[in-house]
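Enquirer: Numbered per the numbering used here, the sequence shown spans residues 1 to 122.
Simulated from the structure, these hints should not be mistaken for lab results. Heads up, the beta-carbon is just placed ideally off N, CA and C, and yes, glycines get one too. Check the hints yourself; a few may be wrong.
Claimed, not checked - Pair by pair, the computed Cβ-Cβ distance ranges are:
1) 27 <-> 78: 42 to 50 Å
2) 17 <-> 71: 21 to 29 Å
3) 20 <-> 61: 38 to 46 Å
4) 11 <-> 102: 43 to 51 Å
5) 76 <-> 18: 24 to 32 Å
6) 79 <-> 15: 42 to 50 Å
7) 58 <-> 103: 19 to 27 Å
8) 25 <-> 74: 37 to 45 Å
9) 15 <-> 57: 14 to 22 Å
10) 56 <-> 31: 30 to 38 Å
11) 97 <-> 8: 36 to 44 Å
12) 31 <-> 107: 17 to 25 Å
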Amino acid sequence: TAIANLAEVLWESIPPRAQRRLRELCDDSLVLDYDAALESARRSVRRAGLFACGDLATALRETIADEELDESLLDAPDGPTRLCRHEAVADLVRLATSIEYAQVRWHPGRRNRQPSGTWATF
C-alpha cells in the first residue's frame, strides 16, 4: 500500500545508527507507550490539517467527526465551550489562536513565493 511504501522510504531516510536506537526504544515496552504515540500522531495530523486548509471550522469538523462528537455543537450557543472540553478540539483552538500559528501562517512573503512544483503552497 501507499502508506507502507511511505513508511519504508521514511525509515530508509534515517541513518543506520539512529535506526538501531529507534528499534531499541520500540522494543522496550517500558519506554514506549504505544497509546500515547498513537495519540501524538493523531494530534500531529490534526494540526497539519489546520495548517494545510487554513480554516479552523474545517479542521474542527474533521476532528469532531474523528472523535465522534456532536457536530451540531458547532452552531449551538454554548457549543464551542462544550466542544473545548475535549482535548483534541481544545488543542486545535489553542493552536489556531496562538501567536506561533499566526507567524507561520501569515509570514510576510509567503504568498509571493513561487511554487516549487513539489509541495503545495498556502
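Enquirer: Does each hint fit the structure? Answer for all of them.
Expert: Cross-check of the supplied hints:
Checked against the hint of 42 to 50 Å, the C-beta distance between residue 27 and residue 78 comes to roughly 47 Å, which is consistent with it. Take residue 17 and residue 71: their Cβ atoms lie about 47 Å apart, and the range 21 to 29 Å is violated. Distance hint check for residue 20 and residue 61: the Cβ-Cβ separation is about 42 Å, which falls inside the suggested range of 38 to 46 Å. Taking the beta carbon of each, residue 11 and residue 102 are about 35 Å apart, not inside 43 to 51 Å as hinted.
Between residue 76 and residue 18 the beta carbon distance is about 48 Å. The supplied range of 24 to 32 Å is therefore violated. A C-beta distance of roughly 48 Å is found between residue 79 and residue 15, which places it inside the suggested range of 42 to 50 Å. Against the hinted window of 19 to 27 Å, the Cβ-Cβ separation of residue 58 and residue 103 comes to about 21 Å, which satisfies the hint. Remark: the range hint 37 to 45 Å for residue 25 to residue 74 is upheld by a beta-carbon distance near 39 Å.
At about 41 Å, the CB distance of residue 15 to residue 57 disagrees with the hint of 14 to 22 Å. The supplied range of 30 to 38 Å is met by residue 56 and residue 31, whose beta-carbon atoms lie about 35 Å from each other. Taking the beta carbon of each, residue 97 and residue 8 are about 38 Å apart, inside 36 to 44 Å as hinted. A hinted range of 17 to 25 Å for the beta carbons of residue 31 and residue 107 is inconsistent with their spacing of about 37 Å.
Consistency with the previously given hints fails for numbers 2, 4, 5, 9 and 12, ordered from lowest to highest.
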